[in-house]
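> Residue-level listing of the chains:
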Amino acid sequence: MIDRNSAWYKIDFVARRATPFLLTMMLVIIAQAPLKVSGVAPVTLSVGLISVYYWALHRPSMLPVTAVFCTGLLQDILAFTPMGLGALSLVIVYGVMVSQRRLFYGKSFVFVWWGFAMTAVAVGTMRWLLVSMIEGNTVLFMPSIIECVLTVILYPIFGYCFVLVHRSLAQEH
Amino acid sequence: MKYNRGSVLRFAAPVRNLAQRFAYIFVLFGALAIILIGRADQQIFERVRVSVTDVVAPILDALSRPVATISEIIQEARSLSKIREENRQLKTENAQLTQWQSAARALAAENEKLRHLLGFTPDNVTKSVTARVIGDSGGTFVRNILINAGRRAGIAKGQAALVNFSLIGRVHEVGERSARVLLITDLNSRIPVVVETTRQRAVLAGDNSDRPRLLHLPDNVSIKKGERIVTSGHGGVFPPGLPVGIVAQTTETAVVVKPFVHGEKVEFTRLIDFGLTGVLTDLEKRTEAVAGQ
Numbered sequence: 001m002i003d004r005n006s007a008w009y010k011i012d013f014v015a016r017r018a019t020p021f022l023l024t025m026m027l028v029i030i031a032q033a034p035l036k037v038s039g040v041a042p043v044t045l046s047v048g049l050i051s052v053y054y055w056a057l058h059r060p061s062m063l064p065v066t067a068v069f070c071t072g073l074l075q076d077i078l079a080f081t082p083m084g085l086g087a088l089s090l091v092i093v094y095g096v097m098v099s100q101r102r103l104f105y106g107k108s109f110v111f112v113w114w115g116f117a118m119t120a121v122a123v124g125t126m127r128w129l130l131v132s133m134i135e136g137n138t139v140l141f142m143p144s145i146i147e148c149v150l151t152v153i154l155y156p157i158f159g160y161c162f163v164l165v166h167r168s169l170a171q172e173h
Numbered sequence: 174m175k176y177n178r179g180s181v182l183r184f185a186a187p188v189r190n191l192a193q194r195f196a197y198i199f200v201l202f203g204a205l206a207i208i209l210i211g212r213a214d215q216q217i218f219e220r221v222r223v224s225v226t227d228v229v230a231p232i233l234d235a236l237s238r239p240v241a242t243i244s245e246i247i248q249e250a251r252s253l254s255k256i257r258e259e260n261r262q263l264k265t266e267n268a269q270l271t272q273w274q275s276a277a278r279a280l281a282a283e284n285e286k287l288r289h290l291l292g293f294t295p296d297n298v299t300k301s302v303t304a305r306v307i308g309d310s311g312g313t314f315v316r317n318i319l320i321n322a323g324r325r326a327g328i329a330k331g332q333a334a335l336v337n338f339s340l341i342g343r344v345h346e347v348g349e350r351s352a353r354v355l356l357i358t359d360l361n362s363r364i365p366v367v368v369e370t371t372r373q374r375a376v377l378a379g380d381n382s383d384r385p386r387l388l389h390l391p392d393n394v395s396i397k398k399g400e401r402i403v404t405s406g407h408g409g410v411f412p413p414g415l416p417v418g419i420v421a422q423t424t425e426t427a428v429v430v431k432p433f434v435h436g437e438k439v440e441f442t443r444l445i446d447f448g449l450t451g452v453l454t455d456l457e458k459r460t461e462a463v464a465g466q
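The listed protein sequences derive, respectively, from chains A and B.
Residue numbering for the first sequence is 1 to 173, as defined by our numbering.
Residue numbering for the second sequence is 174 to 466, as defined by our numbering.
There may be inaccurate statements among the hints.
Going by beta-carbon spacing under 10 Å, a handful of chain A positions derived as facing chain B [stated by the list, open to error]: (1) Ala15; (2) Ala18; (3) Phe21; (4) Met26; (5) Gln32; (6) Thr44; (7) Ser46; (8) Leu73; (9) Phe80; (10) Ser89; (11) Leu90; (12) Val91; (13) Gly124; (14) Met133; (15) Val139.
What the hints contain is simulated information worked out from the structure, not anything from laboratory work.
Just so you know, these numbers come straight off a predicted model, no measurement behind them.
For every residue, glycine included, the Cβ atom is placed at its ideal position computed from N, Cα and C.
Extracted from the complex, chain B is given alone in its bound form:
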């Protein structure tokens, strides 16, 4: 059987046009609806997001390796020029650290003795997992990183992400083999902290810039530049005393903190389970309430 191609086309073209137009409008409203639904219930797309990310994770994992190698080579070449200066610096630092080491040893021994005298039971040993960073959001609207370890590796929501013992963020979403870490610089990050020397409590709030700010400080408090900011342990998400950053700038309106580690520049991070995730949702509610005031 033979079709008359001309007449079929004459009939099919407007229908196809109409169908395409319909598809366009459908898709446009679909996108709008997704935004509205996502706005109303932020958790609703979590499962979809997590499973898609899980599927893409192995690809990103494979991609991140050569990128990391190239990055290392460039860094190597850069550091060659500074090697003499660095060597001198390291020698001084080493001398200082040796002193600290002997002090720490003496203290550890004394601590051990005192604990023995008190019959003190130490805290549960915390578990840690080291993961590779396989993706970053770029930071236009959000500040987070994707890591190549998930539920299977023992990662759970709320765990602290550390680099060199400094806090860079906390686990926000967990898949089977990937997880997303919300950095302390993210707009939605709120961390209860204290100024190390004065024990002044505050909330460290990210604003997507590299420098988060301290919120909820009383008016009469003076905070000096260069003071260390550590986690306070309030709200029960992180244990107290994790180093976060130092005060970089204090103005009349804001106290700006420079994090010890730039979370988007790291290649590996250590996820630590302090077993304190139980009150996380409660904390989120509370910080939201505080932020809303």
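This is chain A alone, in the form it adopts within the complex:
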């Protein structure tokens, strides 16, 4: 029998609830580290998008919208993109995914991946349009395509890690 009022239970509960958020923040920070191999173009990846997509689809209660907003802001701050841009795009993705959860319910991984690819393309285009509007000038589109392709390709790796985290969090004592 679990004592739901014990301090340990509460700490455990909070830790479980905060894990996806902390994990996402950590990934956003790590993604900023200069992960470059000489001779290879710098790898750009929107880890925030992968995380928000995954948790919005599988357990939105684990990553509330305020956490998504904070993730987006941190991303903007660290990557020096216009403030609010990442926050807006992630919040939109979150809203769309939470409302479309039924569409993905019980579907194969490939379907979820395809959904992610569509989302990444839509978000990439939206971000590009917004930045072009903010800068008052069309910015290069190619880097957006590279980022989008890399993010989609690497989705399964991150997705798998999230599944592991998700499972370990769902385990009861």
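Fit chain B to the known structure of chain A by using the hints.
Leaving out everything else, chain B in the frame of chain A:
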């Protein structure tokens, strides 16, 4: 006291739903508002950005070390295959440089003599700080790097960031222990330059690609491929003569410059205070005005 869990839930669920929906709309408009405010006043979030970056900087600093080591190992393995060719090249280069060295020594001695004759007071010795690159933006929309030195190390806005004496960018934002360097390839970078041989003035403008362009060139000017581009010193941000790059391509519409150093591939950079930051804001206004024309 015991609650009737069922009825509490029946009451709580719609309220929670409503609250969540409200939170969602609030956050959505919050993000939009931040974009609009940031667009109207670009400096308004600077302090928040700088302080958050300062907090994250030690983590990035720690992360950048193993990454740099792995990167070095890979580079080492790659260069092993080319070692013979490189050795031959270096020997030729060394022979040439020895000649240059003797020439430079003779010139330095002559310079010293002439200065002595003129009673010339040399410029203030410039201060320099070497910093490690601890973050890069990836370059989707911006081109800049984060370094692990800030105000405490004497970094200030406007300082030139050099690698091997070539310009890679200038300090754009400074925190206590971190700073952001806007690379010359960034969309918002405008640097007054001259073509070294012809002294033709121009503005080097980044466009987020690896190859910035020369702007504001007169129509009749011909610039050859391979010519060196150096800072002109106009506007007072950088001293004249800092090497920037060479002309990589000239077409009818654009003169494209290949920077000497790829700013996103460096691990360390040297920040130099030439004491010329006073007119920086003025320059920014002027380049904006020029760009707007």
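> Given a cut of 10 Å on the nearest C-beta pair, is the interface hint for Phe80/A held or broken against chain B?
5 Å, holds
> Tell me if the interface restraint on Met133/A is satisfied: Cβ within less than 10 Å of some Cβ in chain B.
It holds, given that the least Cβ distance between Met133/A and chain B is near 9 Å, below 10 Å.
> Against chain B, run the beta carbon of Met26/A and see if the smallest gap drops under 10 Å.
9 Å, holds
> Does Val91/A pass the interface hint, meaning its C-beta sits closer than 10 Å to a C-beta of chain B?
5 Å, holds
> Does Leu73/A meet its interface restraint, that is, does its C-beta lie within less than 10 Å of any C-beta in chain B?
8 Å, holds
> Regarding the hint that Phe21/A lies at the interface with chain B, is the smallest CB-CB distance below 10 Å?
Since chain B brings no Cβ nearer than about 14 Å to Phe21/A, farther than 10 Å, the hint is violated.
> Does Leu90/A pass the interface hint, meaning its C-beta sits closer than 10 Å to a C-beta of chain B?
For Leu90/A, the interface hint holds, since the closest Cβ of chain B sits about 8 Å away, which is under 10 Å.
> Does the interface hint hold: is Val139/A within less than 10 Å of chain B, judged Cβ to Cβ?
Nearest chain B Cβ about 6 Å off; hint holds.
> Taking 10 Å as the limit, does the beta-carbon of Ala18/A come near enough to a beta-carbon in chain B?
Check failed: Cβ of Ala18/A comes no nearer than 17 Å to chain B, outside 10 Å.
> Please check whether Ser89/A passes as an interface residue: C-beta within 10 Å of a C-beta belonging to chain B.
8 Å, holds
> Does Gln32/A hold up as a contact with chain B if the rule is Cβ-Cβ below 10 Å?
Hint holds; Gln32/A Cβ to chain B Cβ min 4 Å, cut 10 Å.
> Return the status of the interface hint for Gly124/A: holds when the least beta-carbon distance to chain B is below 10 Å, violated otherwise.
9 Å, holds
Of the numbered hints stated above, those contradicted by the structure are hints 1, 2, 3, listed in ascending order.
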